[in-house]
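**Q** This is what each chain is made of:
2 protein chains.
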Amino acid sequence: MRNHHTTFLCVVTGISCFFLGAILQQHVSIRNIKNIMNVDPYIFNCRRKLLFALALLGEKRKTGVSFTPIEPQCKDVDSVLGCTLFWFRLQCYKVFSFFFLNIKADEEQPKLSSSHLADIMKYGFPGLDDIRVYKSFVLSYDRRHRIAHWVCEHLRAECITTPLASDAPTKPSRGDQSIPVMFRATTQDYKYSDFVEGHLAAPNNYSCDTVQYNESFLLSNIVPQNRIMKNYVWQRLEEYVRQLTLKSGSVYVYSGPLYMPHRINFRNWAVRFTVIGMNTVAVPTHFFKVIISEHKNPGALPYMEGYVVPNAAVDKEIDLRSFLSDIRDIEHFAGLKFYEGVRRSMFNRP
Amino acid sequence: MRNHHTTFLCVVTGISCFFLGAILQQHVSIRNIKNIMNVDPYIFNCRRKLLFALALLGEKRKTGVSFTPIEPQCKDVDSVLGCTLFWFRLQCYKVFSFFFLNIKADEEQPKLSSSHLADIMKYGFPGLDDIRVYKSFVLSYDRRHRIAHWVCEHLRAECITTPLASDAPTKPSRGDQSIPVMFRATTQDYKYSDFVEGHLAAPNNYSCDTVQYNESFLLSNIVPQNRIMKNYVWQRLEEYVRQLTLKSGSVYVYSGPLYMPHRINFRNWAVRFTVIGMNTVAVPTHFFKVIISEHKNPGALPYMEGYVVPNAAVDKEIDLRSFLSDIRDIEHFAGLKFYEGVRRSMFNRP
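Protein sequence lines correspond, in order, to chains D and Y.
Take the first sequence: its letter number 238 is residue 238 in the numbering used here, and every next letter is one higher.
All you need for the numbering used here is the position in the second sequence, starting with 1, plus 350.
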């Protein structure tokens, strides 16, 4: 009788400790991989596959479609231990609020923290070439052309309304030390050229934070622009994006260069663009902005607009709406793929 | 007394089952991640970070430098269970061979299998844009230009010497179905142009295997080339690579397009290239081949050569050595970074 008792106790201890070991190992692995994910965009982009591979003892889970907005859902993104703790916190909070606060438990309940990268890249990566993560934007760098493929930012109304402190220590534009010296542009390249330094992520979007403001003066975020285009049309476009942010609260913007072909004779087309400086920095023929504006009600698809501005001395007074462009055309010429939201129809101009 | 005995037994069972659970969970995770790694080049490229994150119960291990040739070493690439099994197999083999075969245990001992991707990409990824894995080569696709950034192949002497079976079912060149239709070139694009379809990974390198041979006729491996350049200089360069393979046994080749700027007046340079067809497929101004030839003795650094051939009607009889080029120049204009082996010095031409 006593022997049976001992065997039973050992089996129970063994099985529970076995699962405890597996659960703890999974928790540690997932925590480590999430730490890497927050800084490495390539691992972040494969997160579903990876976390699927880390399922407890190979147990199968369903994977979602990869090209959807990223929303932290417990069953997708956490270990068994993490989920249990989260569920426990949620239940404790509900019981506590029911007995003592008598409020509806849906508001202000504990939330899974989503990372910095997940916040900016909510609508996906348009391309995967040399992605770099900064505090205020994520950037894909074109090593051949020494400027960005695209820069993605997330604008929030809170940050725009705060003006830049008058005594903030601002820095001038400078080379990006994180890029290998062979592929890096310098301020010297821009010095004796006919073009000025234009920003893809606009510094004025980050007037609330000096670090973010100064970061947008890195040369990886800067492109050679025509002076007149930069000072009038491009600036008005940036101002328009900020106004849109104040209206809708949260706006995502992808900005980047385009190299458009032009007809040279009956059947032949060619791409032609200048390069400046010792590092042969490319001067794009056009620039695009793809704007994703979120609805205040969380279920609705976001509204999207695309603008294409030629990199030339365009008329200062010209209406911004004449630069409206089909996002499919931007995708075609830039070789990028954007999110499929409610795209502004070209036949329905206001 | 009896009680102490039971407690002791339970603790021992508990601890061993705990570790067994952790070890099994780690083994399953690593096996799953390795399966993903064999098909996903981005996860493969971060493998050290990932496997480091999966260390047993967070135990710290040393990581190596990431830009070294990939060699399967047990402690780096496997779970604790996998390593134990491998060590066990090795010891069994040694004992067996010592007693029965009386041979030196170093030869033909069990080896860790390295994956297909690890084999081709032994010398690293020159760039990270849209990487695609095929049976005979790995390719980085330039969605903007509808041709490859680079194609990497691993040539082995065995495959080249076998001639293509005369009744092998060969396929003509065709669009690559794995590329989104918006960024895909078609045979129609090449049809009415002044350029012919040239191969980056040469089909004749794969005469031993019909599948690999046919794969090199996918349009993602094809670039618009000048007919005379293709039929003479490029073909001789491919033949030279095959001769080098027969001599050294194992050769890695990176091939790709270049878009070189030319001077337009005193201080200004520009890039200009034609685009053909409805899909605006770019016609590069030059092509490069970077050749990495391995020594027969495994410790030595590999020997590297770079060639740049203009995409124009170059003289048929011209010596291949006049196209020899500094690999740093190729890196500069292509925006790629190659392995640092023993590079052929330009001052020491034969």
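What the hints contain is simulated information worked out from the structure, not anything from laboratory work.
Keep in mind that a hint or two might mislead.
Below, computed lysine to any residue pairings styled on SDA-like, alpha-carbon distance capped at 20 Å [stated by the list, open to error]: (1) Lys49/D to Arg482/Y; (2) Lys49/D to Lys687/Y; (3) Lys135/D to Leu85/D; (4) Lys580/Y to Asn615/Y; (5) Lys687/Y to Ile179/D.
**Q** Decide if the proposed pair is consistent with the structure: Lys580/Y and Asn615/Y, CA atoms, cutoff 20 Å inclusive.
**A** 31 Å, violated
**Q** Compare the distance between the alpha carbons of Lys687/Y and Ile179/D with 20 Å, and conclude whether the hinted pair is satisfied.
**A** Answer holds: Lys687/Y to Ile179/D is near 12 Å, not above 20 Å.
**Q** For the pair we were handed, Lys49/D and Lys687/Y, check the Cα-Cα distance against 20 Å.
**A** Outside the cut-off at roughly 28 Å; violated.
**Q** Does Lys135/D pair with Leu85/D here, judged by a C-alpha cut-off of 20 Å?
**A** 30 Å, violated
**Q** For the pair supplied as a hint, Lys49/D and Arg482/Y, confirm whether the alpha-carbon distance does not exceed 20 Å.
**A** Given pair Lys49/D, Arg482/Y holds - Cα atoms ~17 Å apart, limit 20 Å.
Consistency with the previously given hints fails for numbers 2, 3 and 4, ordered from lowest to highest.
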